[in-house]
Amino acid sequence: MRLPLLALLARGPAHGYELKQDLEQLLGSAYPQPNVGQIYVTLGRLEKSGLIEGEEVEQSSRPNKKIYHLTDAGREALRAWYEETADEPRVRDEFFMKLALAPRTGLADQIALINKQRRQYLNTMRELSRLAATEDRDNRVSQLLIEGAMLHLQADLDWLERCQEELEEQG
Amino acid sequence: MSRTPPAPRAENPPPRPESPEPPPERTAPHAEISSARAGEAAVLRAENLVKTHYGEGAPAHAVRGVDLSVRRGEFVAVTGPSGAGKSTLLHLLGGLQRPDSGSIWLDGDCTDGYGEARWAVERRRRIGIVFQFFNLVSNLSVADNVELPALLAGVSRRRARAERQQLLSELGLQGKERSMPGELSGGEQQRVALARALVNHPPLLLADEPAGSLDSKGTREVTRLLSRFHQRGQTILLVTHDARLASAADRVISFFDGRIADDAELDGTPSRGTGISGVLELRD
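Note that the protein sequences, when read in sequence, are chains X and D. If you're matching positions, the first sequence starts at 1 in my numbering and goes up one per residue. If you're matching positions, the second sequence starts at 1 in my numbering and goes up one per residue.
Warning: the hint list may mix true and false statements.
To be verified - Covered stretches of chain X (in silico footprint by chain D; criterion: 3 or more residues with CB under 8 Å from a CB of chain D, positions within the stretch not fixed):
(1) 117-128
(2) 150-160
Stated by the list, open to error - Calculated from the model, a selection of chain D residues having no Cβ within reach of chain X, i.e. all distances over 12 Å:
(3) His53
(4) Gly57
(5) Pro59
(6) Gly94
(7) Arg98
(8) Asp109
(9) Ala117
(10) Arg124
(11) Asn139
(12) Leu148
(13) Ser179
(14) Arg224
(15) Gly233
(16) Arg244
(17) Val252
No lab work stands behind these hints: they were computed from the structure. We treat Cβ as the ideally placed atom computed from N, Cα and C, and that holds for glycine.
Chain D extracted, bound-state conformation (with noise of 0.2 Å):
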């Protein structure tokens, strides 16, 4: 039955390019056997993850028990009413919060041993992350916003320049370096900080609720950006509630009480019944 987490995939990803990485914290007892697995590494996996939040009243348990794995190269959306623990899923896999129990794996390596300071290394440059109210740093120009990863690992300011025009123009924001953030509409807002997570050019894109507090034209906008990433071979993992963002991702989780209760890959195969021509057909 399709309740049961999915078995896990096959996983084979081109080699990835040598590059220097920090030595880990602290080394997981079961370092060994996840790094004898990191060869058939998915850009992201995890085990068992499981978080709590222990607030006034009864304990919520958010996430119980979660495997996931994500290839290179995939679009997965995971979807689900809000109070799921789709969110609190996203933040656990991105560092932002940390499991009570269960492991995260980064193209294999295992991120038991990270402490606060590591995770902040990773998400400028494993990770990039995109949220709801877009997070920009509102006193600093749109420009410095998108450079100011860049810098923070350690690229050359030259070089941060080229990353953000190249980015600002791609996503249709030229003219607007000098803006601040506050001058910008929601969906320049939220290109803007989609700029800022891809300047490092991170392996994996988490979205959390990305088209959460834009319009209709705005959603539309983030929905074409993401797509366009992905075919450009973009690894994106999406958090949402709304199901015409969800059907961009090739792959759609379905979340429901802390678990993953549906895990479906979208072939574009047409649907079986009346499909696309039915609910278009004007009947009278």
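So here's chain X without its partners, still in its complex pose (with noise of 0.2 Å):
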């Protein structure tokens, strides 16, 4: 969350709940957004660590509202985000564990539990159909978002294929 944050800053000043709104326009509905809550604890932490500052401003009717700008710090930390490149997904590493331990155990069957997670993928998968379908077919952002969320599910379920393969074949 405080990348993102500090990225939405670097166009100008804002305060907490348009930082939430610019999010929710941004990444349209398929993305699980933060709470008001979460944003507002993160820029206190990012205030702390000096990479934006706030400032009180008067509300007449309301509290005050504190409208927070990036810092010299917090924009060299956001072109450091902007140097690295990011980590590779991971194989599902717990449920890759429950597999290759399976035989030791005595208490899983391996093929019974390629099945269970496969369904639960292609439930999933069919949630992110449905979501696709019904999310703002313009908003491209959000569209890339859950067909990236799906080919990585897909990636898994042909993973899982590949294992079930590979044990069917032995079996």
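Assembling the complex is the task here: the two chains are given apart, and the hints tell you how they should meet.
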């Protein structure tokens, strides 16, 4: 959450609720929106570490609001963020451990484990398809987010298939 | 354990409108029994299907004892690695190949005695098929490709044209009537093939890797169209290795090594674990 908030502030000062709205507009309803409380907590931490600065603005009928802007350190942190490439997604390590260890425990059948896991992925895939159909077609960022999630899931499903192929051959 | 084939499903379809049926070419030995079951008929039922391919090298056991039942209105996807035998299974179910043993019932009618000609009739009346490579007649126009099965089924020219017009406009192909298949994109050709498969309103649509030669946009298009026809009550059996396409179905059968390894209803209930928000959330 920290760096996306910094990135949103790169354009200019904003208060917490504005940042939440910016995020919603950009990513659409597909993205599980952080609640406004999470945003305020993160902003507090960013301020403490000197990456942003807040300024109290008086409001006549409501409590004061705090408008944040990026500091030089913040801009530097953001630049460093863009310098780095992101980490690769990881294999579902917990499932893999379960699968690899199953024969030693005698507590679970590997094929049954794969089948159960596949059902879950397929149900999630189905939800994603539905979401893609209901989400605003013109919101490209949001559609790409959903498509990315589907392709990752597809890779996991293909991998389950490979595991099953190998195990069925042995069996 | 989920390796065992699923128990027969409860089958209670609405009565089917009467239609004149050509007499069976030969009465199967157990036709009596199967017609007793026909009262509770599934659109498609298969029992203990076996098919082995003999070629060079060791015999390939493509389908090894498959029981399957598809209820009216269901959308079933069969997935599995290539070479698992899923296309052979679909070919058996559409009468394009004959099983070594086992039986298939269409709407409760046993097909054991059906010959080539009778299956060809069924593929016009009760079964529509779409293939990976579209299989359109390349020297016929789009309009003629779609109308042909209707005319062969004895429908009047006028009605065939009306059906064709309706389907093509529904599939977003207005203005392409005079085009030849080779002038269309893959996605468009598959839509023409879909129109051809559905022109006689078959109770069952079989689809063999319908997105297998399409790009991801074409795949989305086919997925959307199949879902739409399904929502209107079309029964569909789809064979695909594409998990995204399979997830449009409400039941997914996993096929490995000629056998059903799992048969799962996708009920749309939120999945366990972090589910959809877990896969979408961006983390830093």
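For each hint, the structure was consulted:
1. 117-128: holds (count 11)
2. 150-160: holds (count 6)
3. His53: 18 Å, holds
4. Gly57: 17 Å, holds
5. Pro59: D/Pro59 clear of chain X: closest Cβ-Cβ about 17 Å, beyond 12 Å.
6. Gly94: With a cut-off of 12 Å, D/Gly94 remains clear of chain X, as the shortest Cβ separation is near 24 Å.
7. Arg98: 26 Å, holds
8. Asp109: 32 Å, holds
9. Ala117: 38 Å, holds
10. Arg124: 32 Å, holds
11. Asn139: 37 Å, holds
12. Leu148: Label holds. Min Cβ-Cβ 33 Å, cutoff 12 Å.
13. Ser179: 27 Å, holds
14. Arg224: 8 Å, violated
15. Gly233: 19 Å, holds
16. Arg244: 6 Å, violated
17. Val252: About 6 Å separates D/Val252 from the closest Cβ of chain X, which leaves it inside 12 Å; violated.
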